[in-house]
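Whenever a hint applies, use it, and build me the whole structure from the sequences.
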Amino acid sequence: MFARALLPALLLLAGCSTADGPYPSKEIRLIVQAAPGGTSDTVSRVMASLAEGPLGVPVVCENKPGASGALAFAFTVRRPPDGYTIGHAPVEIATVRSLGFADVGPDDMALICMVSKTPPALVVRTDAPWQSLDELLDAARKDPGGLIFSNSGTGSIWHFNTLLLEQRTGVRFTHLPYGGSSPALVSLLGGHVDAAIAGVGEVVAHVQSGKLRPLAVFDEARSSVFPDTPTTHELGYEFGAPAWSGFFGPKGVPDDRVAKLAGAFKQAFDSEEWKELCLERGMTPVYLDRDAFRTFALEQSDFFAGELPQLLRMER
Amino acid sequence: MTPDLLVALRAVFELQTLGFLAVGVVLGAIFGALPGLTATMGVAVLTPLTFWVSAEQGLAMLLGIYAGAIPAGGIPAILINVPGTPASIATSWDGYALSQRGQAGLALGLNAWMSLAGQLVSIVFLAVAAFPIATFALSFGPAEYFGLALFGISLMAGVSGKHVLKGLLAGCLGLALATVGLDPMTAYPRFNFGIADFLDGISFVPVMIGLFGLSEVLTQISEGAGRTQTAQADAKLGRTTPTGEEARRIAPAAFTGAAIGTLVGAIPAAGGDVGSVIAWEQTRRLARDKEIYGKGSLEGLSSAVAAANAAIGGAMTTMLTLGIPGDAVSAILIGALLIHGIQPGPLLFQNNRPFVFTLVLLMVLAAVLVFLLGLLGARPLARVLRVPNPWLWAGIVLFGTVGAYALNNAVVDVWAMYVAGVIGFLLRRATVPLGPLVLGLILGPMMEANLRRALILSRGDWTVPLTRPIVLFFLLATVVSLASPFFRRKSA
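Residue numbers (my numbering), protein chains in the order written: chain B, 1 to 316; chain F, 1 to 492.
Derived from the structure by calculation, the hints contain no laboratory data. Ideal Cβ positions, reconstructed from N, Cα and C, are used throughout, including at glycine. Honestly, I wouldn't trust all of these hints.
As the list claims (entries may be wrong) - Quick partial rundown of chain F residues pointing at chain B, CB under 10 Å, derived from the structure:
1. Val-43
2. Gly-141
3. Asp-183
4. Thr-186
5. Asp-197
6. Ala-328
7. Gly-341
8. Gly-377
9. Pro-380
10. Gly-395
Claimed, not checked - Beta-carbon label-pair distances, calculated as ranges:
11. Ala-129(F) <-> Leu-298(B): 51 to 57 Å
12. Ala-305(B) <-> Arg-429(F): 47 to 53 Å
13. Arg-10(F) <-> Phe-303(B): 55 to 61 Å
14. Gly-191(B) <-> Arg-429(F): 47 to 53 Å
15. Tyr-188(F) <-> Gln-131(B): 36 to 42 Å
16. Arg-222(B) <-> Phe-349(F): 52 to 58 Å
17. Lys-26(B) <-> Pro-252(F): 57 to 63 Å
18. Val-124(F) <-> Leu-298(B): 54 to 60 Å
Said to hold, decoys possible - Derived, one-sided and incomplete: chain F residues facing chain B with beta-carbon distance under 7 Å:
19. Ala-187
20. Gly-323
21. Leu-338
22. Gly-345
23. Ile-456
The following block contains the structure:
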């Protein structure tokens, strides 16, 4: 723990003398935008330990949670662009600016690569009367605002998907925000709300124990964890905003260093350990190289900038 | 059942498993005893290490950390009035008073005994009533959480000692500070003055370190305690075990504490911090000698420590039976178990009974190990009191600063710690009790968000929550708690 706290100070001292020589020649800091223990943290720690081999230097994770990740992103993009401080890039890099938390987005970053995607799933309790998404939507049409959806927080990616569902199908729900998916799902399990939208990996355990039923996965292709659950695209509603995980550095990291980092993460991505973790956590392993990830992240950022303020206003 | 138990016994009594458990307990004790380093952090940081060992060994280490951190958090609370974890805030009220009276040994001894009692009682609850307790926990909706938080806040008067009005003012200050950050319903920034670091509100742990730790240092300096070098240097450690007569007096308080701690711990999002304050206040209310609570009451200390530790078993009950975290530590434990292919939840009790037995056995062993460590450590630890005061102060400031930073790796938390320290010092000079301020800060967000959720669910009709029995119980308890001082005065 003390090492973790002292490390930044030591690195600062060490940073004074490095610049030339082969990269990497010292420890790399990976800033994680969430608290220890969650999906972002696990993805970062596992990826970091797998990338240490090819890079030949330790990759040390440091958690800086707060404001949906805005604090960590703003901190990381202001570090020297030498490739020794990088960050975990979740979907929130494309939303925090639209939410007004901090003026930071993918255009301030040197994106390295993307490694996974998590589609959202709509779940109800197994004792609920609705067997399909259309039955649920019919019920919602008969009683606008009567069905209550818990979500992981106003402006969070899963809340955004609930708003998208309303917008694209023309129904109205009542939203009950919680501080994260876990309490939102507890509220559903306890019978206090009617349905919830959360990441596939977050609901899979409750589905397997027979407590929750997934009605739809908001994606194009079926999820490997719920092969029997239809997707929104199959049902004729072409929408769905997944969560994702990637890595970035401050804007201006030299191209060869980004390439070196991307190469190491690609090797980590190809490992058995990574595939196993994805399977356990309900993530889809998807690799996007730096250019593809950049295009994707900028597209997402534009998409959220266009949709989020309007959808949130509708609700507020 | 018996073969399952045998399998579990064989898994637990293996040299390596016991070794991992011992390592976990010692690490947990270190994390718990240092303010700012919490049980949550210890379990989270060491979880990746357990990927390379068997499920039993990994779990042994993580459970050891959990079981070791909470009792150890009481040690600095007793010796230097700085709670090592939020769960030991109530421990400091009577514990520090005892050690100032020269009974540090007895306070540390009771901390060890009551930690053992609290953990064991909650494990018994887990063993005999896991599913009823879990169902109770799941029945907590927004209205019930609001009721619990309101009841907790009504205890402000009780934890204020002589200065009730000043205590209530401090409580309001705590509630006001709790409104800083994103609005829990609309995610609109409130009172953050455009500073992104305050979007998630003011972090609680740095404020706690400042209010209790730094302000204690400033108070001692201002009272000139440094000139005498070591005010407590001559203080004897005293005996560490309670006499038979004391033990008889303490037993009911300890059991009350353990029962309250188990139930509160089982409720997701409410843990040992809330549980021990409620337990302390309930024990005080039932006691004859109310006025010595907060001034070194053995019953008060026992109840608070037992509740803080019983919350562990409560949280584990919810986690094991429902697969739902009862607190932050069990949330991380679920992640660690998943990696080993073990899914907590009702199916675990059907499909993998030996593992459930293993886990319960590990919890019992961890509790016993922590107890032995605490009893053996009481004497050497109490030497802290013989350290010259200036050194002790420097140590508190150093560990407080490192702890506040390490929590979120944020410099703003260090500033929050220092500002809270100065405010705490000024409030103490004005004889304003700090307990209510902390209660407001812990319970304010829970009360606000859940009241608003409950009103969304009832479409703005405030009478609907009143029809729910648990809510009604808490509201009546709140009324009794607020009204009882007046009735007592009349009859006296």
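Do Lys-26(B) and Pro-252(F) keep their Cβ atoms within the hinted range of 57 to 63 Å? Given range 57 to 63 Å: holds, Cβ gap about 60 Å.
Is the gap between the beta carbons of Gly-191(B) and Arg-429(F) within 47 to 53 Å? holds (51 Å)
Does Gly-377(F) pass the interface check with chain B, least Cβ-Cβ distance below 10 Å? Hint on Gly-377(F): violated, closest Cβ of chain B at ~20 Å, above 10 Å.
How about Leu-338(F): closest beta carbon in chain B under 7 Å, or not? holds (6 Å)
Holds or violated: is the Cβ of Thr-186(F) closer than 10 Å to a Cβ in chain B? holds (5 Å)
Is 52 to 58 Å a correct range for the gap between the Cβ atoms of Arg-222(B) and Phe-349(F)? violated (32 Å)
Quick check on the hint: Asp-197(F) CB to chain B CB, less than 10 Å? Since chain B brings a Cβ to about 6 Å from Asp-197(F), closer than 10 Å, the hint holds.
Hint Gly-341(F) vs chain B: min CB-CB distance below 10 Å? holds (8 Å)
At a threshold of 7 Å, is the proposed contact between Ala-187(F) and chain B supported by beta-carbon distances? With Cβ-Cβ at 4 Å, under 7 Å, it holds.
Min Cβ distance, Asp-183(F) to chain B: is it shorter than 10 Å? holds (8 Å)
So, Ala-328(F) near chain B? Judge it on the closest CB pair being under 10 Å. holds (8 Å)
Against chain B, is Gly-141(F) within 10 Å by beta-carbon distance? holds (4 Å)
Violated hints, in rising order: 8, 9, 10, 16; the structure is consistent with all others.
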